[in-house]
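Student: Below are the chains, spelled out letter by letter.
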Amino acid sequence: GQQVMQIPQYQHVQEGEDFTTYCNSSTTLSNIQWYKQRPGGHPVFLIQLVKSGEVKKQKRLTFQFGEAKKNSSLHITATQTTDVGTYFCAGTNFGNEKLTFGTGTRLTIIP
Amino acid sequence: DTGVSQDPRHKITKRGQNVTFRCDPISEHNRLYWYRQTLGQGPEFLTYFQNEAQLEKSRLLSDRFSAERPKGSFSTLEIQRTEQGDSAMYLCASSLFASSEPHEQFFGPGTRLTVL
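Order-wise, the sequence lines are chains D and V. Quick note on my numbering: the first sequence kicks off at 1 and runs consecutively. Quick note on my numbering: the second sequence kicks off at 1 and runs consecutively.
These are computed hints drawn from the structure, not numbers from a lab. Any given hint could turn out to be false.
What the hints assert, rightly or not - Heads up, simulated BS3-like pairs for lysine-lysine below, C-alpha to C-alpha not over 30 Å straight-line:
1. 36(D) to 59(D)
2. 14(V) to 57(V)
3. 57(V) to 51(D)
4. 57(V) to 98(D)
5. 57(D) to 98(D)
6. 11(V) to 36(D)
7. 56(D) to 70(D)
8. 71(V) to 11(V)
9. 57(D) to 70(D)
10. 57(D) to 71(V)
11. 57(V) to 71(V)
12. 56(D) to 98(D)
13. 57(V) to 11(V)
14. 70(D) to 51(D)
15. 70(D) to 59(D)
16. 36(D) to 57(V)
17. 57(D) to 36(D)
18. 57(V) to 70(D)
19. 98(D) to 51(D)
20. 98(D) to 70(D)
21. 71(V) to 98(D)
What the hints assert, rightly or not - Label pairs and their calculated CB-CB ranges:
22. 10(D) to 116(V): 24 to 32 Å
23. 52(D) to 84(V): 16 to 24 Å
24. 30(V) to 38(D): 43 to 51 Å
25. 20(V) to 24(D): 31 to 39 Å
26. 73(V) to 93(D): 26 to 34 Å
27. 28(V) to 15(D): 26 to 34 Å
28. 40(V) to 75(D): 30 to 38 Å
29. 14(V) to 59(D): 46 to 54 Å
30. 52(D) to 20(V): 42 to 50 Å
31. 15(D) to 15(V): 40 to 48 Å
Just so it is clear, the structure is predicted and the values come from calculations on it, not from any experiment. Note that CB positions come from ideal geometry on N, CA and C, so glycine has one too.
Using the sequences provided together with the hints, build the complete structure.
Tutor: This is the structure:
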């Protein structure tokens, strides 16, 4: 079955440093979504990418979808304490609405 | 507040007992999903509905698990003869499906199940 892996599993950064998490799927995806889950909270939708090579920005967050639609990345510039949480990518296959979540990257910020 | 509510928020039960969870999605959403999440892992898909029809069920879901959405609004997830391995957070999500492309899912706060 489809597997979605993320690296790194954990990332500790000083406040103000940049952060990147990478997402890799074992199969080609029709689209990919990113979610953020704060400690003790539930996943909250951030963005969806559909097109090969697509890049989207939300303030300090930049999302990319690979040309082969098998990988994606999330980059945060100048991290803030509010960025703390676990970031999940989640992909769907063509003709299937089921979201397969990645393993997640847990970000902690050192003030 | 995403608008998806789940009840109860916490459930402690003894092994072998049956439990039922309820999810109330955002009112205009036609799709409803159930996921299970264990500590340090991403949500794992269990099943989903479009209106009252159950469209897909994970192969990982044993016969002890059953879900319903009888009127296309709220949904229930029942686990029969609970086992310690069922201990997890059970998340419900809903979305508005209006075209061929998946849409963002809005998650509820989850029901944390502990099986003793």
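Student: Against this structure, judge whether each hint is valid.
Tutor: Hints, verified against the model:
Annotation: proposed proximity of residue 36(D) to residue 59(D) holds, straight-line Cα distance about 15 Å (limit 30 Å). Of the supplied pair hints, the one linking residue 14(V) and residue 57(V) holds, its CA atoms being roughly 26 Å apart against a limit of 30 Å. Taken as a hint, the residue 57(V) and residue 51(D) pair is honoured in the structure, with Cα atoms around 28 Å apart against an allowance of 30 Å. For the given pair, residue 57(V) sits about 10 Å from residue 98(D) by alpha-carbon distance, which is consistent with the 30 Å threshold.
As the CA atoms of residue 57(D) and residue 98(D) are separated by approximately 25 Å, the hinted pair is consistent with the 30 Å bound. Using a Cα cut-off of 30 Å, the hinted pair residue 11(V) and residue 36(D) holds, with the two alpha carbons roughly 25 Å apart. Taken as a hint, the residue 56(D) and residue 70(D) pair is honoured in the structure, with Cα atoms around 17 Å apart against an allowance of 30 Å. For the hint pairing residue 71(V) with residue 11(V), the CA-to-CA distance comes to about 25 Å; that is within 30 Å, so the pair holds.
A hinted pair counts as satisfied when its Cα atoms are at most 30 Å apart, and residue 57(D) with residue 70(D) qualifies at roughly 20 Å. About 39 Å separates the Cα atoms of residue 57(D) and residue 71(V), which puts this hinted pair outside 30 Å; it is violated. Of the pairs offered as hints, the one joining residue 57(V) and residue 71(V) holds, with about 19 Å between alpha carbons and a cut-off of 30 Å not exceeded. At roughly 23 Å between alpha-carbon atoms, residue 56(D) and residue 98(D) fall within 30 Å of each other, so this suggested pair holds.
Between residue 57(V) and residue 11(V) the alpha-carbon distance is near 23 Å, which keeps this suggested pair within the 30 Å criterion. A distance of roughly 11 Å separates the Cα atoms of residue 70(D) and residue 51(D); the hinted pair therefore holds under the 30 Å criterion. At most 30 Å may separate the alpha-carbon atoms for a hinted pair to count; residue 70(D) and residue 59(D) meet this at roughly 25 Å. Taking the CA atoms of residue 36(D) and residue 57(V), the gap is about 25 Å. The hint holds against a cut of 30 Å.
The suggested pairing of residue 57(D) with residue 36(D) holds, with an alpha-carbon distance near 15 Å, which does not exceed 30 Å. For a cut-off of 30 Å, the pair hint linking residue 57(V) to residue 70(D) stands: about 24 Å separates their Cα positions. Note on residue 98(D) and residue 51(D): the hinted pairing holds, with a Cα-Cα distance of about 18 Å set against a maximum of 30 Å. At most 30 Å may separate the alpha-carbon atoms for a hinted pair to count; residue 98(D) and residue 70(D) meet this at roughly 16 Å.
Simply put, residue 71(V) and residue 98(D) have alpha-carbon atoms about 22 Å apart, close enough for the 30 Å limit, and the pair holds. At roughly 30 Å, the beta carbons of residue 10(D) and residue 116(V) sit within the given window of 24 to 32 Å. In this structure, residue 52(D) and residue 84(V) break the distance hint of 16 to 24 Å, their C-beta atoms being roughly 44 Å apart. The hinted range of 43 to 51 Å is not satisfied by residue 30(V) and residue 38(D), whose Cβ atoms lie roughly 28 Å apart.
Taken as a hint, the range 31 to 39 Å holds for the pair residue 20(V) and residue 24(D), whose Cβ atoms sit roughly 37 Å apart. Between residue 73(V) and residue 93(D) the CB atoms are about 28 Å apart, so this pair conforms to the stated range of 26 to 34 Å. The hinted window of 26 to 34 Å between residue 28(V) and residue 15(D) is violated, with their beta carbons roughly 40 Å apart. With their beta carbons about 23 Å apart, residue 40(V) and residue 75(D) fall outside the hinted range of 30 to 38 Å.
For residue 14(V) and residue 59(D), the Cβ-Cβ distance of about 48 Å falls inside the hinted range of 46 to 54 Å, so the restraint holds. Taken as a hint, the range 42 to 50 Å holds for the pair residue 52(D) and residue 20(V), whose Cβ atoms sit roughly 43 Å apart. Our hint of 40 to 48 Å for residue 15(D) and residue 15(V) holds, since their Cβ atoms are close to 45 Å apart.
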